[in-house]
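Q: Residue strings, one per chain:
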Amino acid sequence: MSSARDTVLGRIRDALALAPAPAVVVPRAYRAGRTLPDDERLALFTDRLLDYKARVHPCTADRTAEVVGEALREHGARRIGVPPGLDARWLTGYDGEVREDHSDVSPAQLDSLDAVVTASAAGCAETGTIFLDGSPGQGRRALSLVPDLHVCVVDLSTVEAGVPEAVARLTPERPTTLISGPSATSDIELERVEGVHGPRTLVVVIRTDA
Amino acid sequence: MSTFLGMPSPPPRSPYGTGNLRGDRAFPRAAHDELGNDQLRRNLGRATGTIRAKRLNVTGELPDWEALRDAGSAIKTDTMNRLPELLEQLERKVTERGGTVHWARDAAEANAIVTRLVRATGSDEVIKVKSMATQEIGLNEHLESVGITPHETDLAELIVQLADDKPSHILVPAIHRNRDEIRQIFLDHIPGVDADLDNAPAHLAAAARGYLREKFLATKVAVSGANFGIAETGTLAVVESEGNGRMCLTLPDTLITVMGIEKVLPRYQDLEVFLQLLPRSSTGERMNPYTSLWTGVTPGDGPQDFHLVLLDNGRTAALADAIGRAALNCIRCSACLNVCPVYERTGGHAYGSTYPGPIGAVLTPQLAGMHAAKDDPNSSLPYASSLCGACFDACPVKIDIPSLLVELRHQHTEQTGVTPEKLAMKAAAAVMRRPGLYTAVQKASALGRVVAGRDGTISRLPPPLSGWSDSRDTAAPPRETFRSWFASDEGRAALRAAASEQSSDRPEGNGKQADRNSDHNEEDAT
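Protein sequences, first through last, are from chains D and W. Note that the first sequence covers residues 1 to 210 in my numbering. Note that the second sequence covers residues 1 to 526 in my numbering.
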C-alpha cells in the first residue's frame with residue numbers, strides 16, 4: 001500500500017492530467033514601491049490606529065522615556081515585562097517593577113504582569129499595522145500577548161506607506177505578528193468590541209525622528 | 001499508484017458518511033424550516049447588512065482593488081496548476097525548520113493523525129483556533145468520541161459549541177444568534193458566570209475572556225487551521241481578531257495545524273496581495289487585529305513541537321474538474337455569503353455543510369459529490385441560487401460562482417439519467433411537433449384553473465411535477481390560450497388599437513427602460 005503522501009500527490013497529478021490548464025502569468029498591476037513624505041505617513045498611520053481605538057503618542061526620540069513612563073502610569077501599571085534587548089533608556093521615566101522576560105517564564109507569570117513595553121520591526125501606514133518579529137527589544141510572541149496593556153514603540157522611519165512595502169521589510173523565517181489595534185471581536189451581531197484575549201489596550205509611541 | 005500506471009484516474013470524493021459536508025435533507029426542505037424562523041431572519045438581515053456596508057467602504061477606498069483581485073485570482077490559479085511541486089516545497093521547508101508534515105487522504109485519516117499526536121503528548125484536552133478544515137472533517141466530534149476534550153476559543157465558535165449548535169457562517173459562525181440568545185447560552189453553560197451578566201456585547205466578550213483565560217494558560221496542545229502556507233519559506237499564516245489565535249499558536253508546547261492542500265501559496269511576497277484582499281472582504285476592516293506568521297519551530301518562542309497535516313478529502317476530485325476547480329481558489333472570506341439574497345434569508349444551516357452560501361453550494365458538491373446516495377442532499381445545492389451574480393462581484397479572487405453553479409446543474413442533470421423532468425420534456429416535444437394536438441392540449445390545460453387557489457396560483461402540483469411546486473407556486477393556466485385569443489374578435493380589436501397608436505409611445509418606452517437600468521445599478525452598488 002502506498003503512503004498517504006504518495007497517494008495524495010498521485011491524485012493531484014492525475015487531476016492535473018485529466019484537466020490540464022494553461023500556465024498563468026500573475027499580473028501585479030497593484031500599487032507597490034510607494035513612498036510618502038514623513039508627515040503624510042505619520043498622519044495616515046495615526047488616523048488608522050485611532051480608528052482601531054489604539055492610543056497614539058507621537059514624540060521625538062529624546063522624549064521616549066517620558067512618554068512611555070506617562071503611558072504606564074496613566075494605566076496604573078505597577079509591574080511590567082520587557083524583552084531582552086530593549087533600550088534601557090526608554091524606561092528611565094518609569095518607577096514601577098520591571099521584569100526582563102526569558103523563555104522559562106510561564107504563561108501564568110506573564111499573566112501577572114500589568115503591561116509590556118516592546119520595540120517593533122516595521123509598520124504599515126495605510127492599514128495601521130505594526131509588525132513584531134522577535135528581534136531584540138521585541139521579545140517572544142507570548143510576551144506581547146498575555147499582559148493586558150501593550151506599549152509599543154514604533155520608529156516613523158520603519159513605517160511604510162502600504163502593505164507591499166511593509167511585507168518587503170520582513171524576514172520570513174522570523175516568527176512575525178501583525179498587530180492592528182487592540183484585540184477585537186465582531187462575533188456578536190457584527191458589532192465591533194475592542195478587547196478580548198489579546199491586550200485590551202494598545203499604546204503606540206511613534207518616534208517621529210527615529 | 002496511478003502515477004506509475006500512466007493512465008490518470010479521477011480522484012475520489014470525500015468518503016460518504018464522514019465529516020460535515022452533507023446535510024440530512026435537501027436545501028429546499030431545510031430552507032423552508034429556516035425561513036419560518038423570524039428571529040433568525042432578523043439577526044441575519046441585520047448582520048449581513050452591516051458587513052456589506054463595511055466591506056464596500058474599505059474596498060472602495062483602494063484605487064487598485066481590481067488589480068489586487070486580478071493578482072489574487074491569478075496567484076491561486078497558478079498555485080493549482082503547480083500544486084504537487086508547491087506542496088513538496090512546503091513540506092521540505094517546514095521539515096527543515098523543525099516541523100513535521102503529515103498527509104491525510106480524507107477526514108478519517110486526518111482525525112486519526114491528530115488523535116495520535118494529541119495522545120502522544122499525554123494531554124486529554126486541546127484548545128482550538130477557529131478552523132474550517134477541522135470543522136469539515138468533524139474533528140471535535142471525533143476527539144470527543146475518543147475522550148479528548150476540544151475547547152473552541154473563537155468567541156462565535158465558543159457560542160456554537162456551548163449551545164451544541166452548528167456554525168452557520170464561515171466568518172461569524174454564530175451570526176444566527178443575537179445578543180439575548182448569547183447571554184442566555186453563557187448563563188446556562190459557563191460555570192460560575194456572573195448571574196447579573198447583561199446582553200452588552202462588550203460584557204459578553206469579557207465573560208468569554210474570563211472563561212477561556214485559564215484554558216489558554218494551562219492547556220498544552222493546540223489545534224489550528226491555516227489561512228495560507230507559503231511554499232517558498234514554509235511559513236504558515238493565521239488571520240484573526242480576538243487574540244485567541246495568538247494564544248493557541250504561542251502558549252502551548254505542541255501545535256497541530258490542519259490545512260487543506262489548496263491553501264498553499266507560492267511566494268512569501270504573495271502575502272502582500274492576500275493581506276489586502278482577505279481582511280477587507282471578510283470583516284470589512286483595513287486589516288484584521290492580529291495575523292500570526294510562523295515557520296516551523298523557533299527555539300525559545302512558541303510551541304517546540306509543530307505538526308502540519310495536509311488534507312485532501314475531495315480537493316483532488318475538485319481539481320480534476322476543469323471548471324469546478326476554480327472553487328478551490330476560495331480564501332474563505334465569506335463576502336459571497338453576505339451579499340447573497342438566498343443566504344441572507346435562509347442562513348447557513350439550510351446548506352447542511354461546513355461551507356454554506358454561494359461558495360458552499362459549489363464547493364460542497366465537488367468535495368463530497370452529489371450522487372453518493374439516493375436523493376443526495378448535496379444535489380440540491382447547485383439550485384440554491386437565483387444566479388444574480390452578486391457573489392461573483394464580491395469575490396476577492398474572482399471565482400465565477402454563477403457559472404460554476406450552472407455547470408454543476410448541468411452535471412447533475414447529466415448524471416441523473418431518466419427523470420420525470422426528462423420524460424416531461426420528451427412528451428412536450430412530441431406534442432409541439434403536431435399543431436393540432438398542441439392546440440388541443442392547450443385547451444385541456446385550462447382545466448388546471450380548477451385546482452388553482454383564489455390568488456390564481458397552484459401551490460401543490462401532483463407528482464411527478466411536485467418537485468417543481470415544492471419550492472414555488474405555479475401560476476394557474478390562463479382561461480384562454482394566446483392563439484385562441486389572437487383568433488377572436490377581442491384579439492383582433494386589440495391589435496388594431498395597438499397599431500393605431502404608432503410611434504408616439506416610443507420615447508416614453510425608452511425612458512422607462514433607462515429608469516429600470518439606473519435602478520438596477522443602484523441595486524448592484526448596495
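Mixed in with the good hints there might be a few duds.
[As the list claims (entries may be wrong)] Calculated cross-link-like contacts (lysine-lysine; reagent style DSSO-like; alpha-carbon spacing at most 30 Å):
no., chain 1, residue 1, chain 2, residue 2
1, D, 53, W, 443
2, D, 53, W, 215
3, W, 443, W, 374
4, W, 422, W, 443
5, W, 426, W, 374
[As the list claims (entries may be wrong)] Listed next, the stretches of chain W that the computed footprint assigns to chain D, with coverage defined by at least 3 CB atoms under 8 Å from CB atoms of chain D:
no., region
6, 142-148
7, 261-271
[Unchecked claim] Chain W regions said to be covered by chain D (calculated; three or more residues, Cβ under 8 Å):
no., region
8, 154-165
9, 330-337
10, 353-367
These are computed hints drawn from the structure, not numbers from a lab. For glycine and all other residues, C-beta sits at the position ideal for the given N, C-alpha and C.
Q: For each hint, tell me whether it holds in the structure or not.
A: Right, here's what the structure says about each hint:
For the hint linking residue 53 of chain D to residue 443 of chain W, the alpha-carbon distance of about 71 Å lies beyond 30 Å, and the restraint is violated. This hinted pair checks out: residue 53 of chain D and residue 215 of chain W have alpha carbons roughly 27 Å apart, not beyond 30 Å. For the hint pairing residue 443 of chain W with residue 374 of chain W, the CA-to-CA distance comes to about 38 Å; that exceeds 30 Å, so the pair is violated. Proposed proximity of residue 422 of chain W and residue 443 of chain W is supported: the alpha carbons are some 23 Å apart, at most 30 Å.
The hinted pair formed by residue 426 of chain W and residue 374 of chain W meets the criterion: a straight-line CA distance of about 24 Å does not exceed 30 Å. Counting residues of the region 142-148 of chain W whose CB falls under 8 Å from any CB of chain D gives 0; the rule of at least 3 is not met. Counting residues of the region 261-271 of chain W whose beta carbon lies closer than 8 Å to any beta carbon of chain D gives 4, which reaches the threshold of three, so the coverage claim holds. Only residues whose beta carbon comes within less than 8 Å of a beta carbon in chain D count, and the region 154-165 of chain W has 4; three or more means the coverage holds.
Look at the region 330-337 of chain W against chain D: 0 of its residues bring a Cβ nearer than 8 Å to a Cβ of that chain, fewer than three, so the hint is violated. Closer than 8 Å: that is the beta-carbon criterion, and the region 353-367 of chain W has 0 residues meeting it against chain D, so the requirement of 3 is violated.
Checked against the numbered hints above, the structure breaks hints 1, 3, 6, 9, 10 and satisfies the rest.
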